[in-house]
Every structure is written in C-alpha cells, then in structure tokens.
Amino acid sequence: MTNRAPHADADNLLVAGDPTAPVEAVKARNQWLDVWDQFRTHKGAVASLVFLIAIILFTLAGPLVWRLDPAALDIRNKDLRPIINALWGAEKVAWAHPFGTDNLGRDLMAQIMQGGRISLAVGAAAMILAILIGTFVGVIAGYFNRLDGLLMRLTDLFLALPLLPLLLVMMLLFRDPLRSAFGPEQGIFILIVAGIGITSWMHTARIVRGDVLALKEREYVLAARSIGTPSRRIITRHLLPNVLSPIMVSATLGLATAIITESALSFLGLGFPPDFPTWGKILADSVPRMTAFPERVVLPGLAISLTVLAVNYIGDGLRDALDPRIRGL
Amino acid sequence: MLTYTFRRLLISIPTLLFIAFVIFMLLELAPGDPMANMPLTIPPEVKEKMRLALGLGEPWWIRFPLWLKQFFIVEPQYWFDSAFGTNFADGAQRIISFQSRSPVFDTIAQRMPQTLWVVGMSYVVGVLIALPIGIISAYRQYSVFDQVGTFVSMIGFSVPPFFSGVLLIVIFSVTLGWLPSIYDTTHVVNDWASFKVQLMQMVMPVMVLALQTTAQVSRYMRASMLDNLGQDYVRTARAKGMKESVVVMRHVLRNSMIPVITVIALGIPAIFGGAIITEQIFKVNGLGQLLIIALQGNDIPMVMTLTFLFAILIVMFNLIADVLYGVFDPRIRYD
Numbered sequence: 001m002t003n004r005a006p007h008a009d010a011d012n013l014l015v016a017g018d019p020t021a022p023v024e025a026v027k028a029r030n031q032w033l034d035v036w037d038q039f040r041t042h043k044g045a046v047a048s049l050v051f052l053i054a055i056i057l058f059t060l061a062g063p064l065v066w067r068l069d070p071a072a073l074d075i076r077n078k079d080l081r082p083i084i085n086a087l088w089g090a091e092k093v094a095w096a097h098p099f100g101t102d103n104l105g106r107d108l109m110a111q112i113m114q115g116g117r118i119s120l121a122v123g124a125a126a127m128i129l130a131i132l133i134g135t136f137v138g139v140i141a142g143y144f145n146r147l148d149g150l151l152m153r154l155t156d157l158f159l160a161l162p163l164l165p166l167l168l169v170m171m172l173l174f175r176d177p178l179r180s181a182f183g184p185e186q187g188i189f190i191l192i193v194a195g196i197g198i199t200s201w202m203h204t205a206r207i208v209r210g211d212v213l214a215l216k217e218r219e220y221v222l223a224a225r226s227i228g229t230p231s232r233r234i235i236t237r238h239l240l241p242n243v244l245s246p247i248m249v250s251a252t253l254g255l256a257t258a259i260i261t262e263s264a265l266s267f268l269g270l271g272f273p274p275d276f277p278t279w280g281k282i283l284a285d286s287v288p289r290m291t292a293f294p295e296r297v298v299l300p301g302l303a304i305s306l307t308v309l310a311v312n313y314i315g316d317g318l319r320d321a322l323d324p325r326i327r328g329l
Numbered sequence: 001m002l003t004y005t006f007r008r009l010l011i012s013i014p015t016l017l018f019i020a021f022v023i024f025m026l027l028e029l030a031p032g033d034p035m036a037n038m039p040l041t042i043p044p045e046v047k048e049k050m051r052l053a054l055g056l057g058e059p060w061w062i063r064f065p066l067w068l069k070q071f072f073i074v075e076p077q078y079w080f081d082s083a084f085g086t087n088f089a090d091g092a093q094r095i096i097s098f099q100s101r102s103p104v105f106d107t108i109a110q111r112m113p114q115t116l117w118v119v120g121m122s123y124v125v126g127v128l129i130a131l132p133i134g135i136i137s138a139y140r141q142y143s144v145f146d147q148v149g150t151f152v153s154m155i156g157f158s159v160p161p162f163f164s165g166v167l168l169i170v171i172f173s174v175t176l177g178w179l180p181s182i183y184d185t186t187h188v189v190n191d192w193a194s195f196k197v198q199l200m201q202m203v204m205p206v207m208v209l210a211l212q213t214t215a216q217v218s219r220y221m222r223a224s225m226l227d228n229l230g231q232d233y234v235r236t237a238r239a240k241g242m243k244e245s246v247v248v249m250r251h252v253l254r255n256s257m258i259p260v261i262t263v264i265a266l267g268i269p270a271i272f273g274g275a276i277i278t279e280q281i282f283k284v285n286g287l288g289q290l291l292i293i294a295l296q297g298n299d300i301p302m303v304m305t306l307t308f309l310f311a312i313l314i315v316m317f318n319l320i321a322d323v324l325y326g327v328f329d330p331r332i333r334y335d
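Protein chains in written order, with full-length UniProt numbering: chain A, 1 to 329; chain B, 1 to 335.
Keep in mind that a hint or two might mislead.
[Stated by the list, open to error] So these bits of chain B aren't anywhere near chain A, every CB distance computed over 10 Å:
id, residue
1, L9
2, I19
3, T41
4, I42
5, P59
6, W79
7, F145
8, F157
9, S158
10, V170
11, D184
12, S194
13, L199
14, H251
15, P259
16, I276
[Stated by the list, open to error] Distance windows between CB atoms, simulated:
id, chain 1, residue 1, chain 2, residue 2, range
17, A, A214, B, F6, 29 to 35 Å
18, B, P44, A, R289, 54 to 60 Å
19, B, A193, A, I128, 23 to 29 Å
20, A, L159, B, E45, 18 to 24 Å
No lab work stands behind these hints: they were computed from the structure. Note that the structure is predicted; figures quoted are calculated from it, not measured. Ideal placement from N, C-alpha and C gives every residue a C-beta, glycine not left out.
Bound conformation, chain A alone (with noise of 0.2 Å):
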C-alpha cells in the first residue's frame, strides 16, 4: 500500500528511464489500487461514486433516522408543500415534513426513501441477475466450440423480442399467482427483478463471449490445459478473471438500464402494489396532480435521474480505469 498521490506515481515513472535518477524501491502494487488511481483522475466519476454512495445511505440509513413511516396516514397534514416554498410565499408547510406530504398525509421524504430502498434493490438484483446469465452464457458459448452456435443463435433471438412489451404482458400476467405464492412485496419483487434480468443479459453475453473466444487461445490458456487443468478450472482460474473489466462495465450500465426499466413499469401501472412505494410509483402517482404540486413528481424523478446518471457516469469512469492502455498516462 502506498499513500502517495497518482501524480507522484507518474512522476516516478516519467524518471525512471533517467539512469542518474535516484533508483528508488516501487512497492508492488495491487491491481485495484491502480484502477483506483485511474478511476480517481475522472472527477465526473468520482463526484458520481460520491453521490451514489450518498443516495444509498440516504435510502439505508435515512429510516434510522427519519423515523416516520412511509405508510402512516396523518390527514391533518395533508397536502404540504416542501419547506423550501416558504422562501417565496406563506405557504404549508411544517419542518415535521421537509420534502411535505401528499393527498393522503404521507411524508414524502420517508416515502422517497423506502421508495429507493426498493428501486435500488431491485435494479440491483436484476443487474446481478442479467450478468450472471450473461456471463454464464458467454462463457460456455465462447468456450465451447459445439454450443457456440446454439447459444448465439438463442442470444439473437432474444435480442430480436420486443422486450418492453414482452415484460409487461409478463407483469401482467404472472403478478397474481406469485403474489399468492409469494406475498404481495415479495411476489412482485421477484417477478420484476426476474423479468428484467431475463430480458437484458444479451449484451455481456455478446461482449463476454467475444472476449472469451480470444482469451482461450493466449498461450497460458494452453499451458493451463497442458498440465491436465479441467475446464471447470480453466474457466473459473484463467478466462473469468481476465473478462471481469467489461463485466464490471456492463454491469453498471445494466443497473442503470434495470432502474430505469423497473421505474418505466411502476409508472405504467404495471410494478408494485399501489400502498409500495417506488421512485417511478410516487412519479406516476403523482401526475395526476402535477398541476398543483409539481414537486411530488419533480423530486422522485430527480433521485432516478440523478442515480442512473451517477451510475452512468461511474461506468464511464470505469471503462477508462479498466483500460489497461489507457491507465498509466
């Protein structure tokens, strides 16, 4: 570990061709601590992964804290306005709820938490649901000549459905015998989070297997096998960990793609039950009385926007930092 800042690292480098310059000991250095050092010179990136870190804490820890629920109805309080409206006019307000109410009473501010508990959850979820798909499919396509073509030629078929359409017949259709199964909550968070994974693992197949298939012919691959290293091995040992930098990237541009998505099925009345709520359910709930009280639409929007361009822009950052011709410069 060492504590100096990259730009000293690069000076170091820059002198280390002088033969005159004082040859000073390099520490090895962890991989990730080089990422890092990279990553850290993308300051749209690093201001991203600030913000992101915020929001999750905001979503986590905000419920210890701001300790109302999200549910409770308190209908003498209803139809506040948020506190920052009192700078321009008498308006209600109370400092009980900052962000204000809605028809019913209920905070907002609480309800903007538990709503991205959840909107995160399952963005997250489907995002690790799709790469591990994607990436298994990859893998056994790349790897394995014979189930090359079946495989691909399954990725293209799914790259061909109208997914959003496919997802919300799924949505439709299957909501009532998983809720049964499952509990209301529960029921619905396993079918969006399957039907988004389901649907969006074909481009980290694509990029995995392409990758793979190049991997598999580099000569320590070979050596691997020729000492009677099983592919089981091979896969797990040699090919994933050298793919892991555009999974990693895909990864963060599908759990931008997954809040999306979830939140385009919220608002299409398609996701959780009504009484759960979600950034895009408080959005599409609120719309119908937009004209009075923008702000109930305007700052669930905002926490999607802002988290999927953070989430966007930390994928941006990453490609750069994952990039081995790239760092270092």
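Using the hints provided, position chain B relative to the given structure of chain A.
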C-alpha cells in the same frame, strides 16, 4: 448482395415463427382470464359458451396455427381486397379483439397514423439534431462544445422519458402555459391556424423522444468521425490543399456515416417501444397506448398481434441495417 439479402430473409422466417410461438405460449401459460371482468351473475354454462365464442375452446396446437394462418394469409387477403376491390378473403375469419369485437387490424390501422406522426417525426428531428452535434464535437474534440454535448447526451441516456415528459409538462404547460399537455388526435389541419395548433401540440412529445435519439446517435456520430479524422486519407486530402470544408463534409463525413446509418436503422424499432411511455404521458392514442389498454383488458389477440408486429419491425430493421452496411461500405462483402 442479393443472395445475402435473400438468405437473411429466409432465416428471418423461422426466427419470426419462433418469436410468435414464444409470445403465444407466454400468453397461453399465463393464468389471466379474459372472462375475469364479466359479472359474477352470469351462469357457468353461459360463461362456457362465451369462452367458446371467443375461440378459447380449442387446444393451443390448433389455435396457434390458426392464428398464424389468420395473420399471414387471411389479413393480407383482406388488405388486398380493400385496396383493389377483389374478393380473395371470401369472408374468412379475421383476428378479432376480445374487447371491441372488431378486427384487430382495423384498430391498429386507426392508431397507426398518430404513432407514425409523433414517433416518426421525433426520430427525424432527433437524427437531424444529432448529426451536426456529433460532427462538431468530433471536429472540436475536448472543446467546450464537446464537453457540453457529452453532458447533454449523458442526460439523454439517464433521464427516463416519463420524467422528461412530465417535467416538460410542468414547465411549459403548467407554469408557462405555452403548450398543451394533451395531444389531441381529433385535431384536423386545414389552415395555418390549425397547423400552428398541431405544431404546438407536437413539440413536447417529439422533443421528449428526440432527446433520447439525439443522445445515442450523436455519440455514435462523434466516435465515428473521430475514427476517420485520424486516418491517413484525411492528411492526404489536406496536403493536396483541399478546403477544410471539403475534407470534413465530403471525405470524412461520408465515411463516418456508414456505421451511423446502421445505428439509425437499428434504432427505429426500439423507438416504438419507448413510445409506449411517451404516448401514455401525452395521451396520444397510438399503438403504445393500444397495447397498454389491451394488456389491462386481457385482450389476448390484440396483445399477441401488436407484440408480434413489434418483433417483425425489429427483425426487419436488423436485416435492413445489415444490408445497408454492405451497400454503403464496399469493403464489406457478404458473399
């Protein structure tokens, strides 16, 4: 080239058949009941007869080929008959919607113009904005314009249409009151005043959809231009003393357009999917809204037909993109 196109067309037939089968089985396995909305007072035997009348009495291996026949043979016959006054269809059974009890394709034909107007216009606008942005960002790489362009396209990727649309409504309809928030499809354009109204109501849905198109296409345009600007032939052209405008707009642009054209072609079916949400926000009664209504009403024939039409669009535009690639780029040989 022709043999390649022909071969691809042949391959797309089993692909489409398989997709149709997947959609059909998904709808078939699903426990949704089209009779669920009927009053409970209807006696069971009457309900059974109604099910039969909806065509639900037969098992799936009879109904699926029947649907295929109706979609690929009967419906084109009806279309041909109405176009040329012939009588090929001879009163054959068409695909009937459960909800409206009218032929599915009649409803689709009514909804098509709205979707094509809004979606098509937004795509054209989006591409027209994106191309110059991409060209300038690449030509002035890392300039302020490029940075702003990158940021705007990031926003285009990140802000979902159901938020950008609603935000536009809040700003331009609610606060400023400049534009109508609802797209009135019964509006008839017959003079300048009504044309202006039409223009006003199209601005917001078109811009919402165009933002996403612009974000994508301008990125591709920029990357493609950057690839070509570094090539040797550009230096040669400049060395010959050609004007900068000729170098960029003729030599570089033409070569850069090759991948961009295929991206534009590939994006056309995707925008129909995105239009589902935008149509919902601006209350455009197009195909997307039709799909939502059909889904909510368990209208299986309508859902099946619409989803399959989307699938046809995707497969066809994939094919068109590949063929265009071969047409525009002489280096690519498929044969």
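We went through each hint and held it up to the structure:
1. Chain A leaves B:L9 outside its interface by the beta-carbon criterion, the shortest separation being 14 Å against a cut-off of 10 Å.
2. B:I19, annotated as away from the interface, has a beta carbon of chain A within 10 Å; the closest lies near 6 Å.
3. Its beta-carbon lying about 22 Å from the closest one in chain A, B:T41 satisfies the requirement of being farther than 10 Å from that chain.
4. For B:I42, the shortest C-beta to C-beta distance to chain A comes to about 21 Å, beyond the 10 Å cut-off, and the non-interface label holds.
5. With 10 Å as the threshold on Cβ separation, the claim that B:P59 sits away from chain A holds: the shortest Cβ distance comes to roughly 19 Å.
6. Its beta-carbon lying about 22 Å from the closest one in chain A, B:W79 satisfies the requirement of being farther than 10 Å from that chain.
7. With a closest Cβ-Cβ approach of about 17 Å to chain A, B:F145 is found to remain outside the 10 Å limit, as its non-interface label requires.
8. Chain A draws B:F157 into its interface by the beta-carbon criterion, the shortest separation being 6 Å against a cut-off of 10 Å.
9. With a least CB separation of 4 Å from chain A, B:S158 falls inside the 10 Å interface cut-off, contrary to its annotation.
10. Not every C-beta of chain A lies more than 10 Å from that of B:V170, the closest at about 5 Å, which undercuts listing it as non-interface.
11. No Cβ of chain A approaches the Cβ of B:D184 within 10 Å, the least distance being about 18 Å, so the stated non-interface status holds.
12. Separation of B:S194 from chain A is adequate, the least Cβ-Cβ distance of about 26 Å exceeding the 10 Å criterion.
13. Every beta carbon of chain A lies more than 10 Å from that of B:L199, the smallest distance being close to 23 Å; the non-interface claim holds.
14. Under the 10 Å C-beta cut-off, the non-interface status given to B:H251 relative to chain A holds; the minimum distance is some 28 Å.
15. The Cβ of B:P259 sits about 17 Å from the closest Cβ of chain A, beyond the 10 Å cut-off, so the non-interface label holds.
16. For B:I276, the non-interface assignment is contradicted: its Cβ lies about 6 Å from the closest Cβ of chain A, within the 10 Å cut-off.
17. In this structure the hint that A:A214 and B:F6 lie 29 to 35 Å apart at CB holds, the actual value being about 32 Å.
18. At roughly 43 Å, the beta carbons of B:P44 and A:R289 sit outside the given window of 54 to 60 Å.
19. Our hint of 23 to 29 Å for B:A193 and A:I128 is violated, since their Cβ atoms are close to 56 Å apart.
20. Hint check: A:L159 to B:E45, Cβ distance near 47 Å, so the stated range 18 to 24 Å is violated.
This entry does not satisfy hints 2, 8, 9, 10, 16, 18, 19 and 20, going by the numbered hints stated previously.
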